[in-house]
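Position chain B against the provided structure of chain A, taking the given hints into account.
From first to last, the protein sequence lines are chains A and B.
With the working numbering as the guide, the letters of the first sequence map in order to residues 1 to 197.
With the working numbering as the guide, the letters of the second sequence map in order to residues 1 to 154.
Simulated from the structure, these hints should not be mistaken for lab results.
Every value quoted in this text rests on a predicted model; they were computed, and no experiment measured them.
Backbone N, C-alpha and C fix where the C-beta goes; we use that ideal spot for every residue, glycine too.
You can trust all of the hints, since none of them are fake.
Partial chain A-side listing against chain B, Cβ under 7 angstroms, derived:
#1 23
#2 32
#3 36
#4 37
#5 41
#6 44
#7 65
#8 124
#9 127
#10 152
#11 170
#12 178
#13 189
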Amino acid sequence: MLSDASAFRQMTDAGLLEAAAGRNHAAFGEIVSRYHQPVYRLVWRMTAGAADAEDIAQEAFVKLWQNPAQVREAGALKGWLMRVASNAVIDRSRRPRHGDLDAAPEIHDPQARPDAPLDRSEAAKLIDGRIAALPDRQRLALSLVYFEGLSNIDAAQVMDVSIEAIESLLARARRSLKESLSAEWRELLGGLTETGR
Amino acid sequence: MENGKDTRLDQLLASYGADRARWPEAERMRDGGGNEPAQADAESIDRLLSLASTVSAPADAMSRLMQRIAEEPQGAKVIAFPGGSSPPRSRVFRYAAALPLAASLALGVYLGAMGSLDFMLPTSITGGVALNDEMPDDLGGVGEADAYAEESLT
Numbered sequence: 001m002l003s004d005a006s007a008f009r010q011m012t013d014a015g016l017l018e019a020a021a022g023r024n025h026a027a028f029g030e031i032v033s034r035y036h037q038p039v040y041r042l043v044w045r046m047t048a049g050a051a052d053a054e055d056i057a058q059e060a061f062v063k064l065w066q067n068p069a070q071v072r073e074a075g076a077l078k079g080w081l082m083r084v085a086s087n088a089v090i091d092r093s094r095r096p097r098h099g100d101l102d103a104a105p106e107i108h109d110p111q112a113r114p115d116a117p118l119d120r121s122e123a124a125k126l127i128d129g130r131i132a133a134l135p136d137r138q139r140l141a142l143s144l145v146y147f148e149g150l151s152n153i154d155a156a157q158v159m160d161v162s163i164e165a166i167e168s169l170l171a172r173a174r175r176s177l178k179e180s181l182s183a184e185w186r187e188l189l190g191g192l193t194e195t196g197r
Numbered sequence: 001m002e003n004g005k006d007t008r009l010d011q012l013l014a015s016y017g018a019d020r021a022r023w024p025e026a027e028r029m030r031d032g033g034g035n036e037p038a039q040a041d042a043e044s045i046d047r048l049l050s051l052a053s054t055v056s057a058p059a060d061a062m063s064r065l066m067q068r069i070a071e072e073p074q075g076a077k078v079i080a081f082p083g084g085s086s087p088p089r090s091r092v093f094r095y096a097a098a099l100p101l102a103a104s105l106a107l108g109v110y111l112g113a114m115g116s117l118d119f120m121l122p123t124s125i126t127g128g129v130a131l132n133d134e135m136p137d138d139l140g141g142v143g144e145a146d147a148y149a150e151e152s153l154t
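If we strip away everything but chain A, and leave its shape as in the complex, we get (with noise of 0.2 angstroms):
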């Protein structure tokens, strides 16, 4: 039986949730080291950078040690865990909180002192904050393909949708995002301060 983590690392993503399946928790901690970063990200982009959002990336991992089995085709496990990351932030989202604090995005807006120039930083937070601002679909559609380079077929397939609404919703995405931008648009293309670039 393997134990080596290195021998692991070799292994298919089916091997890994085979070992997986039998209580391997090194089998299982490859898969983790395989797939948290981009889990995490994804999770990061689609809730601004929410406090929870470590804890609903782990969410999607726990799902799939409690059982391993449920993914039926081992090679699409990274859109596995995607898909059901991502349908925890739709959850979330969608969730009443009343007063709740971690509910409110972690990014702040730099629109709140529109006076002061904006340096590299400030801009990557209101963008931050403008994509977590997107519709749902379409803000999942920008992390997969745009942040996350997955290819328009399986970011397709982690959102169960044809390619050609994938498309759709990108091209939206990316409009919906340059009109919310329009504001700050001549600054952030092309006057940024020079601090912290």
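Then chain B, alone, in the frame of chain A:
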């Protein structure tokens, strides 16, 4: 292509941006031309997106996750067959088991209604009650309840 303008190229620019490396592989070699405004627009949105934060998970997030996994029990082990799910059966096969049940029910109702099987049943069911003139005055001793109650009082 419409008036020298490639509408698919416009769609690609609007969806994936100006960087052809981000386009679907099969369409990266597509000839451009007549789409300069869309190209410029896509480039500017790409520049905005490139300003977004670069994200990475906290350094100890993975170890926290593995710690949780160590405490988490696994559910029922259901191993999927490698060949995937079995092909769906046709409707005829799906309802095959119900046919004899339905037929026996219909036969039973028919025979019962015709009385054809009454000879097989005990007389107490087929007419015993009706023929019995000596119906009890009371059923289950309920009528004696008052007597018991009076006795207990005296």
